[in-house]
Every structure is written in C-alpha cells, then in structure tokens.
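**Student:** Kindly produce the complete structure, drawing on both the sequences and the hints.
As given, the protein sequences belong to chains A and B, one line each in that order. Under the working numbering, the first residue of the first sequence carries the number 1, and numbering increases by one thereafter. Under the working numbering, the first residue of the second sequence carries the number 1, and numbering increases by one thereafter.
Since the hints were derived computationally from the structure, they do not count as laboratory data. Any given hint could be a false lead.
Cβ-Cβ distance ranges computed for the label pairs, FRET-style [to be verified]:
1. B:Val-14 to A:Arg-123: 45 to 53 Å
2. B:Arg-64 to A:Lys-481: 50 to 58 Å
3. B:Asp-70 to A:Ser-101: 21 to 29 Å
4. B:Ser-3 to A:Thr-395: 54 to 62 Å
5. A:Phe-224 to B:Arg-97: 40 to 48 Å
6. A:Glu-214 to B:Ala-169: 23 to 31 Å
7. A:Gln-63 to B:Lys-378: 47 to 55 Å
8. A:Lys-206 to B:Asp-230: 17 to 25 Å
Taking beta-carbon pairs under 7 Å as the criterion, some of the chain A residues facing chain B (in silico) [claimed, not checked]:
9. Lys-18
10. Asp-21
11. Ser-23
12. Pro-38
13. Gly-41
All figures in this text were calculated on a predicted structure; none of them were measured in a lab. For glycine and all other residues, C-beta sits at the position ideal for the given N, C-alpha and C.
Number of protein chains: 2
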Amino acid sequence: MSSNTADLYNEYVVLMQKAADISNAAAVLEWDQETYMPAKGAENRGRQLATLASHAHDILTSQRLGELLDELAERIDMSDTQQANVRLSRKDYEKNRKLPSSFVEAISRQTSECFNAWIEARRKNNYSIFAPSLTKMIALKQEQAKLYGYDGHPYDALLDDYEPGATVAMLDPVFAKIREQMPPLLARIKEGHQVSNDCFHKEYPKQVQWDFSEQVLRKMGYDFEAGRQDYAEHPFTTSFSNSDVRITTRVDEHNYASLLWSTIHEGGHALYEQGLQGDQYGLPLGAAASLGIHESQSRLWENCVGCGLNSWLYFFPVLQSYFPEQLKGVSVTDFFKAMNRVEPSLIRTEADEVTYHFHVMIRYEIEKGLMENKIDPKDLPTVWNSMYDKYLGITPPDDVRGILQDVHWSHGSFGYFPTYSLGSFYAAQFFAKAHEEITDLDEQMARGQFEPLLVWLRDRIHQYGRRYTSEELCEKVTGKKLDTEYFMQYISDKYAAVYG
Amino acid sequence: MSSNTADLYNEYVVLMQKAADISNAAAVLEWDQETYMPAKGAENRGRQLATLASHAHDILTSQRLGELLDELAERIDMSDTQQANVRLSRKDYEKNRKLPSSFVEAISRQTSECFNAWIEARRKNNYSIFAPSLTKMIALKQEQAKLYGYDGHPYDALLDDYEPGATVAMLDPVFAKIREQMPPLLARIKEGHQVSNDCFHKEYPKQVQWDFSEQVLRKMGYDFEAGRQDYAEHPFTTSFSNSDVRITTRVDEHNYASLLWSTIHEGGHALYEQGLQGDQYGLPLGAAASLGIHESQSRLWENCVGCGLNSWLYFFPVLQSYFPEQLKGVSVTDFFKAMNRVEPSLIRTEADEVTYHFHVMIRYEIEKGLMENKIDPKDLPTVWNSMYDKYLGITPPDDVRGILQDVHWSHGSFGYFPTYSLGSFYAAQFFAKAHEEITDLDEQMARGQFEPLLVWLRDRIHQYGRRYTSEELCEKVTGKKLDTEYFMQYISDKYAAVYG
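**Tutor:** Quick look at the structure:
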C-alpha cells in the first residue's frame, strides 16, 4: 500500500526538523563558546560540536530521507510551498551525500581547534600559533571541494555553500570592476578636503554606548523578546529559530565607531532571521536565501540607513542626550561626514564603503590562491601585507591588525568573503527600489519611522526564505538582475554629499 | 574472528562518549534556558531538548551497545577501571531499555513546558497556571515508575534514578527519626535566647555581594578557568565536562543570606564535578556516585565549613572590608550566630540546618502521595500549607513562598528531595572523618587554608566517580555505614555554641 502524500511529507518534515534541532543546538554551543564559555571548556566543547555536526549530517544524508524525497518529487498533490521545500531539500541531499560523516566530524573538530588557536594567536599577536591549525583546515577544505566536485575552479565548489550559483567565472569580473572603478573614485575623494572623525575618538563609556545601541535596535524593529545582544571577540548573528536570534558585538571606549555600526549591521542580519517563517522551521523555506542576500540586509541597515543623513536627523539629538559632553558643538552634518569618512585602513570591519571592497577582493584572491595551492599558508602574512600595500597603500604593523583580524578561516569559512561585496551591491539595488515604492522613505527615516521599511523588507524578501535564488529574488524585487551600477551610483551620490 | 578486548572496549567508549556529548549539549541548552534565553525562545528550545534527549537515549539503548556490554562482561583482560565501567554501564543499559524513545522525548518536551509554566506561575504568584502542566508531568512519572518496575512502593522506582538503592522502606525510618529527634532539639533551642540576624537585613549592593562570593569560591578551590557563576531564577550547578562546570545563584539586595551560602552550596557541588576524572568523560567512573553523595559535598561546604566559626575567623575581616558600613560594630561571633539562627521559615533553600529537614520530609511525603494517587495535584497548595502548619507552625501567605518555591517538579525530578537530607547526614559523617585525618583542620580553616580539605575530598571521594555506591563509599571513607548520629552530634554541638 503506497502512503498518502500528507503522511510522506510529514515524515520528511519530522526528519528535517530533527536535523534542525541538532544544528540549532550546535549553534547554541557555538554562541556560548564565543560569549561565556570558560577557557578550559574548549576541548570538550570541540568534541561535543563534532558529535552534533556528524549526527545532523547522518539525518540529512539518511537513506530514508532520500527515499522520501524521491517519492515526494513524483507527487503533484502538494502545495507550492511543499513542492519548493522538496525540490530544495533534494538538491541539498545530493550535495550532503557527497561528504562522508567522518569528514563532517573531522571538519567540525578542526573548526573548534582552529578557532581556539586563532583566539590564542590574537592574544599573543602571533600568526605562527594559528598557522598549523589553519594549514590543516585548508587541506580539509581542498578535500571538501574534491568531494563536492567542480567543473571550473576548485573554489567554485566552496562558494556554492554560501552563495548558490556563484563561481570564480562570475566573481572575477565583479572584482575586476572594483579594481577598475574604485581607484578613480578614491582619487576624486582624495582631491576633496578630508573630513574629520575626531568626534568619535573621545571617551565614550561602554555601558552608555551599549544602551544607545539597544535603543537603535529597538527602533529598527529588532524584537528583544526573541533575541539578545552580548559581547564577543568578533561580532556575529546566530539563530536557533526565528524566535531566538542573537547578536554579539565588541565595544571600544575610545572609538565610538567600533560598536554602533556593527550592532546595526548584525541587527540587519537578525531582522532577516526574525522575519523568516516560523512554521517553516527546519525547512528550506524557513531559511535565508543565501549569504549574499543575508549580507544585503545587514548592509542596507548598516550603510544605506545607518550611515545615511536622514536617519541621523532623527537619531543624532537622541545620541547627543546620551553623550552631551562628547558631542558638544558637533553638528549632525559633522557627524554624518565623520561616519562616512573615506580612508584606506587596516581593519575590514571598520573600513569605509569604498575601500571595504578592496579588503574583500584581497581575501577573495587569497582564498582562490590557497585552494589551488598557489599560496602556501605559511606565507600568508607576507602575501597579505604585500596586497594591502599594493591596493590600499598601507602595511599592517602586526598580525592582529593584518592576517589575524577575521574569524572566518578559523571557522573553515572559505568562500564566505565574496558575499560581503555581493551583499553591498544587492543592498544598494534593493534600497533604490524601496525608495521608489515607499515614496516618503527619507522623510519617514528622518522622523525615526523605520517600520514601513522593515515591513517592505519582510514582504519583499524575508518571508520567502529560500523559495527564490539570489538572482531570482533580485529580479522579483527590483525587476532587474544584479547590477553593480546601483552601488556605484549610491556611493557617488553619498560621497558627493560628504566630500563635495 | 572475534575482536580483541581493547577494540571492543574502545567501541564501547566511543558510543558512551557520543551519548555524553549529546547530553552535555542538552545541559548547555538548559543552562542557557535558565540564564540568558529570551522569552520567545522557549517553545523551540523545548523541541530541541526533546530531540537531544531522545537521541542520547537511542544511543544508550542501542542494540550495538548491548552487544558490546554482553561481550565485554565475559572478558577478563580488562583493568579494574574498565571492568567497573562495563559493570555499571550494563546496569544502566538494562534500566534505560525499559523506557521507549517516544517516552523519553515526551518527558523532555513536558519538562520544558512545565518549567516555563512554573516560571510564569511564579511571576504571577498563581499555582493554577502551573497545575495543568504539573499534572501531566506527574502522570508521566507514574508511567515511568511502571516502565522501570518496582517491588515495593512505586516511588522506589524513581528514587533509584537519584540515589541508587534508596527505597521508601529505607527512607521512612530516616524521616521518622527526624520527626522524633528534631522537635526536642528545636524545643531546647527555643528555650535559649533567640539570636539576632539583623545584620543580614541591611542594604548589600548586589555587585559587591557577587564579588565577595567569587572570592569565597576561589578560596574554596573552584577553578574559574573551568567554570563560571551566573544569575538564575533558581540556583543550580551544571556540568558539561569536568573542565566546564557552572553554577548559578540569585541575589537579594536586602537579605545578605540569600546569595552567599547558596553560592558556597553550589560551589561544593561544582568542586565535586571539577574533581571527577577527565579521562573517564562519558563513562560511569567519570560521573558522580549519587545525588546523596553530591549533596554531601555541597552541604559539607555550605554548612560544616561555610556556617562554621573557624572559616569565619578568616573570612569575616575580609567581608568587613567589602561592607564596612553594614558590618560596623558586628563581631564575628554575632555574625556566626546570625548565620546559624534557627527559626521555622517558609523557604527551603533559606532554612536553617534543623528545620531544613522538615522541608524535605514534607516534600518526601507529598511525592509518595502523588505517586500512589493519594494526593490530587490540584489540592497541592492545601496539602502543602497544612503540612507546613503541622510541622513548622507557619502558613505560606502565597504560592511563591509555598508550593511554587522549588524548580524540581517542573523538571520532572521526583525522588530528588530525599537526597538533600541524606546529603546532610553523609556530610556530617565525612566532616567528622576529615577532622580525624587532618588533625589541624580547624586551625587551617581559621587561617583561610581550604586546600588540604579539598585535597582530602578529592582523594577520598571525588576521584572515584561511580566506582562505589553511596553506602560502599561511606564505609570506605569513614569505616562505617551511614549513621545519622554524626549529624545529630554535629548540630547539637553547633547549637550549643550558638544558643548556649
């Protein structure tokens, strides 16, 4: 007797949600690892995470799931949503089956070791402490690319984990454009009078910064009943379901720019996660479309909104009430210019919107080189420093401000960085469309009304989960494929306002 | 070809440690649930915990584990440690097999629901919010007792989960003794002049209390590199391995007694967990002997050490430096008397060492009654209040200070409470032995030297894990079976000093 479709679909959902429970449990352990875990807990945490990863993988590659998906693919008595879930799950299943459980466990274990080595290396400001773990991680990622298989570049296989469909062939021209179009823009900016950001470099008590950042998050529409903000070495957003989405950040008492925009950035990610469909928990339609789209949400809030003059017409007087001494005699225009000051700098997460993409491009080139063995991991500080010299005209004085600044490689995330640039480009295109469809958007923001924008994002983007690919979604929302001209227009306009 | 013993044992260890990884991951999620989780996270957290519990159970009841244990039980080429692990794991395996996976999942899910209902009921000070969840939980525990099976009382089946070997037949006489011996002692105390504890009821800033409590933990030998202290609704200790053992506590600005001794109590539990053998992770010899023995460690530190005059000869001047205003004109003797003031009171965790055992006895009688359906869960507040009137001569003015005060039933922990009294009795017996074997123990404590005591506990108790049962361990350490006379002697001596 053949089972009815509803029963089969339900069995598929139960399996998927069990795997999600395990993965979300792992996410809690990772969150704890980066926020509250005592130092000696690291070793056993590593083995616990490896066990969870391998168990989730076992479910997601189980024979039974494969049978269910094959059977369901033949059924037509399913809703659009159900069909989309089955279609996407089949694609994932085929990909997951390519990685043996032992490999998944090995990479999870290596991630914990590598992360701890990175923490230690940062503490001692010494890349050589990180190098052996990283070298092992790179070998594992090369193996992963082989296991997945690829037509073009080995790096393509890894890119697909973060941005389905992205390839070296697609990204090379994008980054070539950056190398071509950014330097003239940078040159024009340099011709203008450099703006001051001295107002950021006073003493800003940590707790007051924190309190203001929470007020901004609330204004953005972040639900603190379904999330929280904590301190961590590296800012990140993590989600255990759409009703528990947490962000972390770091704070610098002597640099106001360190906390707020990273909070807004993570807040943008978190709004996306909180806006996913709760009843699609564990299923493709309950998950984000891609990291590029994810980053479009964080960038839209961080840059388009959070570094736009309109929002600050509302927020600046509020901020002044938190820091009356520090901001005495500073005008909203001064403050707007300060936050948009362009200057080649060492740290990606603190870079301006122009030079930012050089930081990404450097990492992209390095990752390609590592994957095809053209760069030896032990030479990374030298390679890194020479590229910073070439593209940004500056040299990191030490490893912490150079090769050790990002957590990603310690997490085994190779192929992640390019999504940062894609996210900026999607963000500019979405924000332009939002302006078309919400005609008084600028005035709303100047009055501190961000809800209509959030509602628009929820309606146009968040609610769909993975129903559409990044490309499809971009076209559905804006009527056009991704076009970097929106971004070039956006920054040209902005820097005309800042630098005249 | 039959496998060699080392390979079989190794396969057994791998399975056990995988199950431990999953259970420890669940413990992290539970810790988070009670410390940092946002409100809306509760529902999905419940399903995540249920999935983890059921998966750990699947491993621990897997056919393969059973085969390995049967095979290993025949082998003689194993060390004592290996043989003990296999013997204890076989006993656990047989017991675990009695609970179907669906039942384990149901009870885990009910635990989350019940815990959240308890939190909500406490917030609204209304038992009726808790009653429906608790009623379902009690039905599940009755089912659990049936699944385990029992010879005497259904409650015996549950007791064995916390104190292997304990039965109603063994505990009834113990609590009868309390009902017999405590009232005369209480009467003698009442004849003396009541001591004052006014010095506790001033304003003690939370953070300063917290800082001092951490200093006390350090002095006890608690390793903050392998643990941490956080705020929670209900104080508890949890362990994710011997290198990550955390405690929680609550703090009351207007009652100094609320935080410190609960920190010391949890610290005693934590020292036991930190003292277990790390290389026995996931195996019986890497786990605590029983809850009674666990409680002996917390009670020994909280009462014998933490409420003893000798420790305060060292700690009191330190405490005075934290609270010079509040403790002005208070002598160490006043303070010692204040902390040992005997007075029937409403809250178990704040009770003195004499009336404490009435609190436990009441819960013990109620749990027995619930398990044999002699008490209806909906009548619990009435039953509770009338027993408090009968044994302590006081009536709770509301549910929060009555039936809702303990977290245990919301966790499904029925059979846990009696271990609190057993723990006190073991503690007195161990502490007497420690005095015999560390001849200048009192002088050491008066000098702030607690390491020799910790070393003694590690050597005599902690290192063994579950190698010995509570009874065997008691006899090995003290040369005698558990004898409540040690406890009666200990409190008679103490209250002679306090009340003259």
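**Student:** Work down the list of hints and note, for each, if the structure agrees.
**Tutor:** Okay, the hints, checked on the actual structure:
{"no.": "1", "hint": "B:Val-14 to A:Arg-123: 45 to 53 Å", "in the structure": "violated (33 Å)"}
{"no.": "2", "hint": "B:Arg-64 to A:Lys-481: 50 to 58 Å", "in the structure": "holds (53 Å)"}
{"no.": "3", "hint": "B:Asp-70 to A:Ser-101: 21 to 29 Å", "in the structure": "holds (26 Å)"}
{"no.": "4", "hint": "B:Ser-3 to A:Thr-395: 54 to 62 Å", "in the structure": "holds (59 Å)"}
{"no.": "5", "hint": "A:Phe-224 to B:Arg-97: 40 to 48 Å", "in the structure": "holds (45 Å)"}
{"no.": "6", "hint": "A:Glu-214 to B:Ala-169: 23 to 31 Å", "in the structure": "violated (57 Å)"}
{"no.": "7", "hint": "A:Gln-63 to B:Lys-378: 47 to 55 Å", "in the structure": "holds (48 Å)"}
{"no.": "8", "hint": "A:Lys-206 to B:Asp-230: 17 to 25 Å", "in the structure": "holds (20 Å)"}
{"no.": "9", "hint": "Lys-18", "in the structure": "holds (5 Å)"}
{"no.": "10", "hint": "Asp-21", "in the structure": "holds (4 Å)"}
{"no.": "11", "hint": "Ser-23", "in the structure": "violated (10 Å)"}
{"no.": "12", "hint": "Pro-38", "in the structure": "holds (5 Å)"}
{"no.": "13", "hint": "Gly-41", "in the structure": "holds (3 Å)"}
Violated hints, in rising order: 1, 6, 11; the structure is consistent with all others.
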